[in-house]
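Engineer: Note that the protein sequences, when read in sequence, are chains A and B.
If you want my numbering, it's the 1-based position in the first sequence plus 257.
If you want my numbering, it's the 1-based position in the second sequence plus 32.
Among these hints, one or two may not hold up.
[To be verified] Below, in silico cross-link-like pairs of lysine to aspartate or glutamate (EDC-like), each with a Cα-Cα straight-line distance of 16 Å or less:
#, chain 1, residue 1, chain 2, residue 2
1, A, Lys304, B, Glu80
2, A, Lys382, B, Asp86
3, B, Lys220, B, Asp185
4, B, Lys331, A, Asp294
Hints were generated in silico from the structure; no laboratory data involved.
Chain by chain, the residues:
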Amino acid sequence: MKLFKLINCVFFALIILSCKDDSIETAKVKGQRIAIDNKIESNAEIKEFITPFKEHLNKTLDSTLAYNPRAMVKSDGDLNTAIGNLMADVVMEQAGPVFKSRTGNEIDMVLLNHGGIRAGLNKGKISTRSAYALMPFENEIVIAEISGAKIKEMLTYLERAKTAHPVSGIQIIMNKNYKVKSAEIKGKKIEKDKTYFVATSDYLQQGGDNMLFFKNPVGLTKINYKLRNAIIDYFKKVDTLKVTKDNRFIRQ
Amino acid sequence: MKRRNFIQQTSAATAFIGIGGLSTFSFKPNYKKHITILHTNDVHSHIEPFGPDDSRNPNMGGVARRATLIEQIKNENPNTLLLDAGDIFQGTPYFNFYGGELEFKLMSKMQYDAATIGNHDFDNGIDGLLAQLPHAKFSFISSNYDFSNTVLDGHTHQHKVFTKDGVKIGVFGLGVELQGLVNDSLYKETKYLDPIEIAQDQSRILKEEKKCDLVICLSHLGYKYNSDKVSDLKLAKATENIDLIIGGHTHTFLEKPTVETNKAGKKVLVNQVGCYGLYLGRIDFYLDDKNNIEANGLKIEV
């Protein structure tokens, strides 16, 4: 043991000596990521702290509203997806009557953004929680009255975006290079001088995702209806979700 | 005699001593200091783990599990810094119901040291963010948002220096351009300043004036873009004095940090761990005397 003690002393003395020189620098860097999965036990104190918040939430969120026969994710289509079509159709169906009763007009089309689809819908029971996952934001539905010329700008935007931004009420056919071959709103050619009522979210109308064609519209109607609430109301109304991919926005 | 050689020789010598005598004499690696950086980004109010039926991330994530992991690592190395690169808010009903209170309280309990501000942290407006700040016992570091004409003025830091085991770690923060991403009614008169200019400035202050041994950029700019938009990779190449960029915003799942070369020809690590608290990033810095390093150069194990 004497030898050990001696080594120990020398060792610590050396550390002290080397500490005098405070010019240190990175010698080695190691980087990794650690998966947080069910092999890691939960910290009991944190879990307990969350519990009252969670219970209050769950009461509100977990009652079943509808049934989804198959899982939907936003990456399952080229220019239209089942889940995007669902969202755009929900806006048309839920906001339409409110808009009509307030203004006497009808919504011509809906445009949302692909980035705004914040989760997939799992197969099985659909609850308020699913609606929150799909649309966690507090955005409200607004109806912008814009000219046919602005609709053309919208089409140019979609040509550049090459993205499955959800639409309803409009049919857009692009060629393989994403150039619009034809576009019709409610089955009719788009007229430059006519105005159209386009339902979207307040976020997009205010220039979100650089949808600048929505800025300074001819008219703007706020219907005080949150996108998420429209989705929840729709889920309450239907038994089984039926929406699928279709031909509303395609390349050929 | 160089210390490293000495340790090698002593370990050979002590090998003859019984195991019992060694228990109080556990060998550290041959480096003088060890700093661990743990990081998350874009947790987006994900408090609970994903369920077993989730379509994308079954059984992943969860704050209570993250807390266990952080505690374990901190027990191994108390010289650990815990950081978040923004978008703490928005993504589950916890945010809609409680406005971010629970997120901040839990991060405080896990002893986060600092976070930067992501675009979604403005989702309840700049006033909504301010209202939750009393629940956060960690610092908000933001260098390229000028909040001087907003209610957030004085509530954030341009940079902060943390000292762990005598090692000075300077942290500054960069946010993404808000225009077009967040409604201006939410961020109000927050001014976005050029991230590269600010980064050059802040990293110089931290390295040269504040004599930091490590400089970390907490970034919510995004990892990489196909356009001209400034990203973490661009930032790494266009600056000097940064050792590590911890990124966010683009929800990029990097299996290991990217190693870039900066303007001065030095290595910079860029890391990002996706989103929703599915992963914890861990970067270990081993520091040593300059004259010990010169022989071998900087070793990067990723």
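Engineer: Between Lys304 of chain A and Glu80 of chain B, is the straight-line Cα distance small enough, at 16 Å or below?
Structural biologist: Satisfied, since the Cα-Cα distance of roughly 9 Å is no more than 16 Å.
Engineer: Taking 16 Å as the top limit, are the C-alpha atoms of Lys382 of chain A and Asp86 of chain B close enough?
Structural biologist: Within the cut-off at roughly 12 Å; holds.
Engineer: Would you mind confirming whether the straight-line C-alpha gap from Lys331 of chain B to Asp294 of chain A stays at or under 16 Å?
Structural biologist: 30 Å, violated
Engineer: Tell me if the straight-line CA distance from Lys220 of chain B to Asp185 of chain B falls inside 16 Å.
Structural biologist: With Cα atoms ~12 Å apart, Lys220 of chain B and Asp185 of chain B stay inside 16 Å; holds.
Of the numbered hints stated above, the single one contradicted by the structure is hint 4.
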